[in-house]
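Protein chains in written order, with my numbering: chain Z, 1 to 482; chain W, 1 to 482.
By construction, these hints were calculated from the structure, which means they are not laboratory data. Note that the Cβ used here is the ideal one computed from N, Cα and C, for glycine as well. Mixed in with the good hints, there may be bad ones.
From the structure, some residues in chain Z lie toward chain W, with a derived Cβ separation under 7 Å [as the list claims (entries may be wrong)]:
#, residue
1, Phe20
2, Leu24
3, Ile38
4, His40
5, Asn80
6, Ser134
7, Lys165
8, Ala169
9, Leu184
10, Ser196
11, Leu309
12, Ser316
13, Leu317
14, Val354
Covered stretches of chain Z, going by a simulated chain W footprint (3 or more residues, C-beta under 8 Å) [said to hold, decoys possible]:
#, segment
15, 170-181
16, 319-328
17, 347-353
18, 417-427
2 protein chains.
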Amino acid sequence: MSTASSNSQPRSEFGTFLTFYFLLLAGAIASFWWIQGIGHELKAPAATGASITTGVSKSSDVNVVAHVLATLAAVIAMGNLFAWVLKRFHQPAVIGEVIAGIVLGPSILGACFPAAMHFLIPDSSTDPHELVVSSLKTIAQLGVVLYMFIVGLELNLQKVGRQAKAAIAISHASIVVPFVLGALIALWLYPMLSTSDVPFTSFALFLGVAMSITAFPILARILTDQRLDQTDLGVIALSCAATDDVTAWCLLAFVVGVAKAQIGDAVIVAVATVTFIALMFLVARPLLLRWIAWAELRGLDQRTTPVLLIALLCASLATEAIGIHAVFGAFLLGAIIPHDSRVSKELSQKLHDVVTIMLLPAFFAITGMNTRIGLINGFDSWLICGAIILVATVGKFGGTILAARFMGIDWRTSAALGILMNTRGLMELIVLNIGLSLGVISPKLFAMMVIMALVTTIATAPILRKLVSGGEPQSHPLHAGG
Amino acid sequence: MSTASSNSQPRSEFGTFLTFYFLLLAGAIASFWWIQGIGHELKAPAATGASITTGVSKSSDVNVVAHVLATLAAVIAMGNLFAWVLKRFHQPAVIGEVIAGIVLGPSILGACFPAAMHFLIPDSSTDPHELVVSSLKTIAQLGVVLYMFIVGLELNLQKVGRQAKAAIAISHASIVVPFVLGALIALWLYPMLSTSDVPFTSFALFLGVAMSITAFPILARILTDQRLDQTDLGVIALSCAATDDVTAWCLLAFVVGVAKAQIGDAVIVAVATVTFIALMFLVARPLLLRWIAWAELRGLDQRTTPVLLIALLCASLATEAIGIHAVFGAFLLGAIIPHDSRVSKELSQKLHDVVTIMLLPAFFAITGMNTRIGLINGFDSWLICGAIILVATVGKFGGTILAARFMGIDWRTSAALGILMNTRGLMELIVLNIGLSLGVISPKLFAMMVIMALVTTIATAPILRKLVSGGEPQSHPLHAGG
Chain Z
1 MSTASSNSQP
11 RSEFGTFLTF
21 YFLLLAGAIA
31 SFWWIQGIGH
41 ELKAPAATGA
51 SITTGVSKSS
61 DVNVVAHVLA
71 TLAAVIAMGN
81 LFAWVLKRFH
91 QPAVIGEVIA
101 GIVLGPSILG
111 ACFPAAMHFL
121 IPDSSTDPHE
131 LVVSSLKTIA
141 QLGVVLYMFI
151 VGLELNLQKV
161 GRQAKAAIAI
171 SHASIVVPFV
181 LGALIALWLY
191 PMLSTSDVPF
201 TSFALFLGVA
211 MSITAFPILA
221 RILTDQRLDQ
231 TDLGVIALSC
241 AATDDVTAWC
251 LLAFVVGVAK
261 AQIGDAVIVA
271 VATVTFIALM
281 FLVARPLLLR
291 WIAWAELRGL
301 DQRTTPVLLI
311 ALLCASLATE
321 AIGIHAVFGA
331 FLLGAIIPHD
341 SRVSKELSQK
351 LHDVVTIMLL
361 PAFFAITGMN
371 TRIGLINGFD
381 SWLICGAIIL
391 VATVGKFGGT
401 ILAARFMGID
411 WRTSAALGIL
421 MNTRGLMELI
431 VLNIGLSLGV
441 ISPKLFAMMV
451 IMALVTTIAT
461 APILRKLVSG
471 GEPQSHPLHA
481 GG
Chain W
1 MSTASSNSQP
11 RSEFGTFLTF
21 YFLLLAGAIA
31 SFWWIQGIGH
41 ELKAPAATGA
51 SITTGVSKSS
61 DVNVVAHVLA
71 TLAAVIAMGN
81 LFAWVLKRFH
91 QPAVIGEVIA
101 GIVLGPSILG
111 ACFPAAMHFL
121 IPDSSTDPHE
131 LVVSSLKTIA
141 QLGVVLYMFI
151 VGLELNLQKV
161 GRQAKAAIAI
171 SHASIVVPFV
181 LGALIALWLY
191 PMLSTSDVPF
201 TSFALFLGVA
211 MSITAFPILA
221 RILTDQRLDQ
231 TDLGVIALSC
241 AATDDVTAWC
251 LLAFVVGVAK
261 AQIGDAVIVA
271 VATVTFIALM
281 FLVARPLLLR
291 WIAWAELRGL
301 DQRTTPVLLI
311 ALLCASLATE
321 AIGIHAVFGA
331 FLLGAIIPHD
341 SRVSKELSQK
351 LHDVVTIMLL
361 PAFFAITGMN
371 TRIGLINGFD
381 SWLICGAIIL
391 VATVGKFGGT
401 ILAARFMGID
411 WRTSAALGIL
421 MNTRGLMELI
431 VLNIGLSLGV
441 ISPKLFAMMV
451 IMALVTTIAT
461 APILRKLVSG
471 GEPQSHPLHA
481 GG
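Chain Z with its partners taken away, still in its complex shape:
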């Protein structure tokens, strides 16, 4: 073998190589020419038609993969561009991606260049394009399931344990107050924005839950960005948000169950949900802890990740089968895996980038497709939209401050906590999409609620900065940036 690379007569070896190569190619071309000459005379049986081709050709009328790749490319590119611009205004990246989805959807691109939008995010009403939308939706769902699993993994429930009382009091107050206010505003909105096939109870419950969401990941990101994550405020905020997430998603699971079930089934769904949560904490958690200890002792190998991903898929399927959403099982499984185990850290690190960069853009595309800002037309509609933002903010902010003051926390920290808990981000969009796909909220209300989610999330970082810094003008990023 060494002769091949260290020959003393390189020229003659090169000659050998060239001769060999020439003969090889010439022989190949001549052979294929000869074979093709014979082959052209051959007759194959007549095509039997349907059976072979239909399964394939129907989907190849529309190149589903090309549409999906183009949509992902457009959302990722535009989302990163917006995120890069918004970073100067200290906004979390997710805001840029949500706006990119809306811009590429019917609200902006669809209004200006319908053809361009239909290429990216085709109209699902035309039959072959339904395949494209369905594929995008599945990728979005897979992304959301994995994302909620990561959110669960990153929750530190043990840390909450240390100040459980304050965290539970504050977070539950920050759920209950907006929940009740949301149900209250439902009295006003139901006759205007709902239809007779949606029962008032489902509508009010859903609106209540949607108002009471806090986005743990964005809250954590904002705290880290402003270097507050190790302060008293940061620690209590993270604990509250973690408790809030677990509570609000359990509540959502129940609400979805009620909305989906017939009246008699609601009890079954509720019982199944409670049983599932109990099983996860009382049976799955001890088993998982033992398995993780064993796996880490033995050293993590290439079987660890598949086992956990199979568990994730099974937990998602279980909650989907119960009738509450697949994301709930994924989130709960993540939450019961200890936050600081090596398994959890490695898994979260492995999943994070592909999920957030590659899969979630499909979710932003679907959300953008569903958000028709044009439906909010006229002064009255924008008034309702403003009222929704007001109720959501007052509920979250008021509930948090009330409880925080009651638990003996000072005014400024309480106010900062209130602002932080008001960030809704991606989690709110996941909830809203569930509501829309169940038909509990109309496309018009969906658009209003998306705007509410955007506004409350965008408001968080600048106001927090003002509160914490005491409001000196030189630290105003909003003014410095533009």
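Fit chain W to the known structure of chain Z by using the hints.
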């Protein structure tokens, strides 16, 4: 705030907490009760029917996400089980996953428990299930595109440069000989297994390319497993396989172009393909090298991965638009990114696990669904299948030995090289699925070729072990394992 966690009177604080919590919950329940009482009297406008619900309800007749999650869970679980068993026989994990796909498809599960199979991998002919199959296909395609990108990233083209002559001579001979033999056997197979709507040229070209694939990733895995990757044999084998991959996939791009194009268009596709390859090497590569140097100097940040993934999606879209397959663009982009740059290593590490564990199982499910072993019925069919395996092996093995001996490599190393180049694995399955979806090969021939890919891949590791160890009985893993 410190009062919340370090109070000197824990009992009274707990009392405060309980009182607060009780009032909160009682207030919430009472309020909701009251609101619901009023809300029940409210009348919402009558449902307008179609517009809101149809877009949603059609897909919710079949729970696409549940089907997809169940299929992924089943393939991942069974694939890992088989891979774990086959590891004792020194087989690469991919063999287990391919077999899992086939077992869960119509060949085994479908024959025994059709209902179970239809739940996992539904029949695409029934309309609503088309959405499930289409979604699985899209996830599979996304997985394959990302996987081929990783394969490209892991190719070390600079290493090939050092022994370019031997690598080119051996790898091209190992392509040309099976290519010509594949075209030759096409003369026999065309009248039996093709139909009149497939031109002989497309059929023969495709069969030729399908015979000449070598799976670089599996070859690399086998060499690492047997600790041969740093030996002379390992280095030359990796160089040959890398050259083989680039050549065979360029050839495949051309063949797919010819098969898809009308006669006049074939020239346009060929010109576009050559132009694309030239642009990638002459324009994109220098730009990328400069960008990578800049990015690594500045320190990789959260913008690096999105930029490369957008480039990946654009390259895939470009080749899809030309009419050659999306995987080709992904592979070529990976190949032009320097193998040992930090960007490449981090990206490959980030993508690897999610892609192979989570997304590729969708590809194995689709491949299993397409593989109907039952179509190979009767002695004649199995004879053809055996002939295909023989031709593929003789072509790959013979071509490699011929060229290796000609380049002055000793007999034993030449034979080991021949065996290694005969491993086809996942890459062959990707090629076969492209052929099937284009309609160039029939489902029956597809099943035969899948068996060929499995047999040649399974044979590699044990025979190599025998050749390299010289055949001492104590090192026979096959006997030791079972």
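Taking the earlier hints as the rules, which of them does this structure contradict? Number 18 - this is the single hint that the structure violates.
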